[in-house]
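Trainee: For reference, the chains in residue letters:
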Amino acid sequence: MSNYNFVERPRYTCALGGAIATVSALPQAVPILHAPPGCAGNFTWTQAGGCGLQVGGYCGGLSMPGSNIQEREVVFGGAERLEEEVRNTLAVMQGDIYVVLTSCVTEVIGDDVGSVVRPLQAQGIPILFAETGGFRGNSYQGYDLVLQSLFKNFVDKAAAKQPGLVNLWGITPFMDVFWRGNLTGLRRLLEKLGLTVNSFFTVDDSIAGIRNAGGAALNIVISDVFGIGAAQLAQEIHGTPFVSTTLPVGPSATSAFLSTVGAALNLDPGLVDNLIQAETKRYYNLLEPLIDCFNDMDLQRYAVIIGDTNYAAGITRFLADDLGWLPEVVGVTDILDEEQKNVITGFITNLASGIYPELVFHTDGSVIAGAVQEHWSKSQAQAGKYANPLSPAFVIGSSLDRELAKALGAGHLSVSFPVANRAVIDRGYTGYRGGLALIEDLISVIIAGR
Amino acid sequence: MSYFKLKEPPRREDRLQACIAHGAALGDLATRRLQCCLPNSERRFTQNSICLLLPALGTMNSIPNSVVLMHGGLGCGSSCHGGNAGVRSGNNHRWGVVKDGTWLSTGLTEADVISGGEPKLAEAIIAADRRYRPSVIFVVASCVPGIIGDDVDGVVEQVQPAVEAKLLPVHCEGFKTKIWATAYDAVYHAIGRTLLPEAGFIADKKSGKTVNLMNMSSMGRVDEVELERLLRELELAVNIFPVFSDPGAMQRMAAADLSISTCPTHDDYMLNHLQEKYQVPFIIRHMPIGIENTGKWLQDVAEFFGLGAKATAIIKQEEAELAAALAPLKPMFKGKKAFVSAGEFRALSTAILLAELGFEVVGVRAFHHDEFADIEYEKLLRITGTDYPLNIANCQPFEEANLLRKIQPDVFLGHMNGNSTAAKMGIATHVIYNTGLHYVGYRGAYELARRLYRQLKNPRFNGNISKYVKLPYQESWYRQDPFKYIETAGGDLE
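If you read the protein sequences in the order shown, they are chains P and B.
Position 46 of the first sequence, counted from 1, bears residue number 46 in the numbering used here, the numbering being contiguous throughout.
Position 465 of the second sequence, counted from 1, bears residue number 465 in the numbering used here, the numbering being contiguous throughout.
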């Protein structure tokens, strides 16, 4: 994690940014920042430029309350100012839940936030806090820390597990630009198995549901990395087992996902299998009218995939195993430890199609772009007037990867943060329908000039 | 001693006694330099805003052949994702090439916070120089180095001999000032200390007809074109600084005959420096937003060069043409109530423009207050009356929501990131700052009118939203004094 001098155009923000994203996506939640004034504005502008035009929500952007720490508090301590801020927040702001989030500055100066929050909790006020100083890691860590705080301080202890109740997370609001659609896509499939799904952040979730999350029979984490800490903590505190899975895009991965969940919950295998069969059949029936043009227009592409762990793995599998494209290089831009890298490597080198892309772990997009050029050129022999460039190709990444796509003469689609050039409301790429949505988006890019 | 001899510029709270918290009727506050509004006056309840790092990045990311190296936590400067669209379009509008900005972060970790970030910064500067070969690297200090005591200037001094790029340390520790206009001083400070020549170096090369037109990232290319058009009618040569200006060309700032500010909130720090060190006089008075203001701005410049009569004729011609063009739009605006919220000078000059278009101005909010705006308050009082609220607020949408519920304007004009409160209340809105749109000069007045006409012709988007989307405030809050939480020199307003 520390083998870099700098991160180029980081494709995430800090722990506080991820925590703001997470809290502001909870139903009727009010984040309270214990921070200098600019952290909120920084995240707001980050959202405006990277999150598919999604900013704020019920209480996001510059409407979040904050203690606006200045030099005076740095010198004399900021707990008193925070106490005043929290008291007045409760008078002015309407929230079903309030979450105090700390920043680099207030953690370095050592303010005791717990001493401000705990007396209010004792009065029954729905307030909690998370220590999310920016130097604790990137936005995905901030997401995990907020979930941990929820399970530790907010979710009720259940006397017994409720069969058929599951929690679903692992998709970071806003930092996964397609979070709403991705969560909803999986939620609907799980509901078809007769499960009750608590997904925390969709418009169908509620604070009451989150309170009941301790009664879940299973926690389902849609990531090999994000939100695992919260899953381990929930297992420890609430005794709920968990499964983790890479972002399931399209029929192969989604079928495997449903089987995993079914096995973990001891569901009737026939029930799970029926759903898989029916959904897979439906997927291919819907795809059928595309077959003529897909084949006639030679729409197979070499693919370069660049993204966070979830997207790099999920999109690669879909393109290789379902769509029959040729992933050549996969760049993972997260800051990962060796164990996490091994998990991703294992996944991407075990594709059913036998496709074996080159895998690059690097935080800097321009290093990955260089690796793409090198990867292809070193394997190609020059033969007079005949050349075999990496073409036709397609770059699936973030809006920062437009330059690479341009250099390759390739199509380009932004799916992983930052997504500056698309507007996203509830589109998602998970599940069977998500695979179809991705095909629509990819091919629409290729044929836009028709 | 010149401020430019210091490692970092002073806070505007100290240098200009700027303040950010007050509220009362316009007539009670304006032109009295808001003496009751102390530099450190505060609120007992605050929402968040931005810090000086954000506007500073807006300028730094625009500079060609530059790299912006953020020294701080991983998230500081992720706002560049928002600014990048402006960098891409700004490059495209000027040179026909779409290009992303290049920004980096040292991404300080917990271990760095404990053991210090200086070694990492030194390595990052060298690595960035090798990889990108930029002509300048802005080395930006955010909060964390400011707290753990990293000596950014010391690192820069030590590493400079080992790199090709010119290194410009820029201090943007967000906890040190609430007046984010200090950002402009921070960037000018770095440019002044590093990219300008020795005193007297090129003073003899003056043409007698060259002006520095200062644009500190609040105007897009379309607005620059409008001002260039007017200045060229006076046969002046125009250099635009500092946005999108090549670092090698920055020294030409010292060789101009006059510097002209386009926003008095932005430029005084640099203009004083250019005058003191290179004897370049300056004008910092009107903002060329609004019909009368544009004329005054142009007239001032013309008179400096002895071209007053020529300017008078140009203005007369421009105003006549504009009036004819506005005539069909004005009936839509007549008697409609407008509320304006933005940076101080921009809010005031836009309010004046709205009055010129026939709106009734019913509320003004300004991000901060300092002495430069007194002239603008005088105009506003003369044109619009005195008994509507003036709110000095670095955003604080809760005060805005309270005011809007009470005032019920027909249209709200807010700064970028400042329109959603009004929108969720169902009020027609328009953005007051967006570098893709025209705002400045006669063209700006017309284009703004055209856009407002559109907004008012069908305000249903916000109207529909307001029926189903709720603001995050207690109902009881709307019954309170909107300025309840402001503490001032005279005690609470409550």
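A hint or two may mislead.
Claimed, not checked - Straight-line Cα separation of at most 35 Å, DSBU-like style, residue types lysine-lysine; simulated pairs:
(1) Lys166(B) with Lys330(B)
(2) Lys379(B) with Lys484(B)
(3) Lys467(B) with Lys406(P)
(4) Lys406(P) with Lys378(P)
(5) Lys378(P) with Lys99(B)
(6) Lys277(B) with Lys7(B)
(7) Lys209(B) with Lys330(B)
(8) Lys192(P) with Lys484(B)
(9) Lys484(B) with Lys157(P)
(10) Lys385(P) with Lys310(B)
(11) Lys152(P) with Lys470(B)
(12) Lys457(B) with Lys334(B)
(13) Lys7(B) with Lys330(B)
(14) Lys296(B) with Lys206(B)
(15) Lys467(B) with Lys379(B)
(16) Lys99(B) with Lys341(P)
(17) Lys406(P) with Lys277(B)
(18) Lys337(B) with Lys484(B)
(19) Lys166(B) with Lys334(B)
(20) Lys336(B) with Lys406(B)
(21) Lys310(B) with Lys379(B)
(22) Lys152(P) with Lys192(P)
(23) Lys336(B) with Lys209(B)
(24) Lys316(B) with Lys5(B)
(25) Lys457(B) with Lys337(B)
(26) Lys192(P) with Lys457(B)
(27) Lys341(P) with Lys161(P)
What the hints assert, rightly or not - Per the computed footprint, the stretches of chain B lying under chain P, defined by three or more beta-carbons under 8 Å from a beta-carbon of chain P, are:
(28) 139 to 150
(29) 370 to 383
(30) 430 to 436
FYI, nobody ran anything at the bench for these hints, they're computed from the structure.
Beta carbons are placed, not taken as given, at the ideal position from N, Cα and C, and that holds for glycine.
Trainee: If a hint holds in the structure, say so; if it does not, say that too.
Mentor: Do the hints match the structure? See the list:
{"no.": "1", "hint": "Lys166(B) with Lys330(B)", "in the structure": "52 Å, violated"}
{"no.": "2", "hint": "Lys379(B) with Lys484(B)", "in the structure": "29 Å, holds"}
{"no.": "3", "hint": "Lys467(B) with Lys406(P)", "in the structure": "44 Å, violated"}
{"no.": "4", "hint": "Lys406(P) with Lys378(P)", "in the structure": "20 Å, holds"}
{"no.": "5", "hint": "Lys378(P) with Lys99(B)", "in the structure": "28 Å, holds"}
{"no.": "6", "hint": "Lys277(B) with Lys7(B)", "in the structure": "18 Å, holds"}
{"no.": "7", "hint": "Lys209(B) with Lys330(B)", "in the structure": "38 Å, violated"}
{"no.": "8", "hint": "Lys192(P) with Lys484(B)", "in the structure": "52 Å, violated"}
{"no.": "9", "hint": "Lys484(B) with Lys157(P)", "in the structure": "41 Å, violated"}
{"no.": "10", "hint": "Lys385(P) with Lys310(B)", "in the structure": "66 Å, violated"}
{"no.": "11", "hint": "Lys152(P) with Lys470(B)", "in the structure": "30 Å, holds"}
{"no.": "12", "hint": "Lys457(B) with Lys334(B)", "in the structure": "13 Å, holds"}
{"no.": "13", "hint": "Lys7(B) with Lys330(B)", "in the structure": "52 Å, violated"}
{"no.": "14", "hint": "Lys296(B) with Lys206(B)", "in the structure": "26 Å, holds"}
{"no.": "15", "hint": "Lys467(B) with Lys379(B)", "in the structure": "38 Å, violated"}
{"no.": "16", "hint": "Lys99(B) with Lys341(P)", "in the structure": "32 Å, holds"}
{"no.": "17", "hint": "Lys406(P) with Lys277(B)", "in the structure": "46 Å, violated"}
{"no.": "18", "hint": "Lys337(B) with Lys484(B)", "in the structure": "25 Å, holds"}
{"no.": "19", "hint": "Lys166(B) with Lys334(B)", "in the structure": "55 Å, violated"}
{"no.": "20", "hint": "Lys336(B) with Lys406(B)", "in the structure": "16 Å, holds"}
{"no.": "21", "hint": "Lys310(B) with Lys379(B)", "in the structure": "25 Å, holds"}
{"no.": "22", "hint": "Lys152(P) with Lys192(P)", "in the structure": "30 Å, holds"}
{"no.": "23", "hint": "Lys336(B) with Lys209(B)", "in the structure": "44 Å, violated"}
{"no.": "24", "hint": "Lys316(B) with Lys5(B)", "in the structure": "45 Å, violated"}
{"no.": "25", "hint": "Lys457(B) with Lys337(B)", "in the structure": "15 Å, holds"}
{"no.": "26", "hint": "Lys192(P) with Lys457(B)", "in the structure": "46 Å, violated"}
{"no.": "27", "hint": "Lys341(P) with Lys161(P)", "in the structure": "34 Å, holds"}
{"no.": "28", "hint": "139 to 150", "in the structure": "holds (count 4)"}
{"no.": "29", "hint": "370 to 383", "in the structure": "violated (count 0)"}
{"no.": "30", "hint": "430 to 436", "in the structure": "violated (count 0)"}
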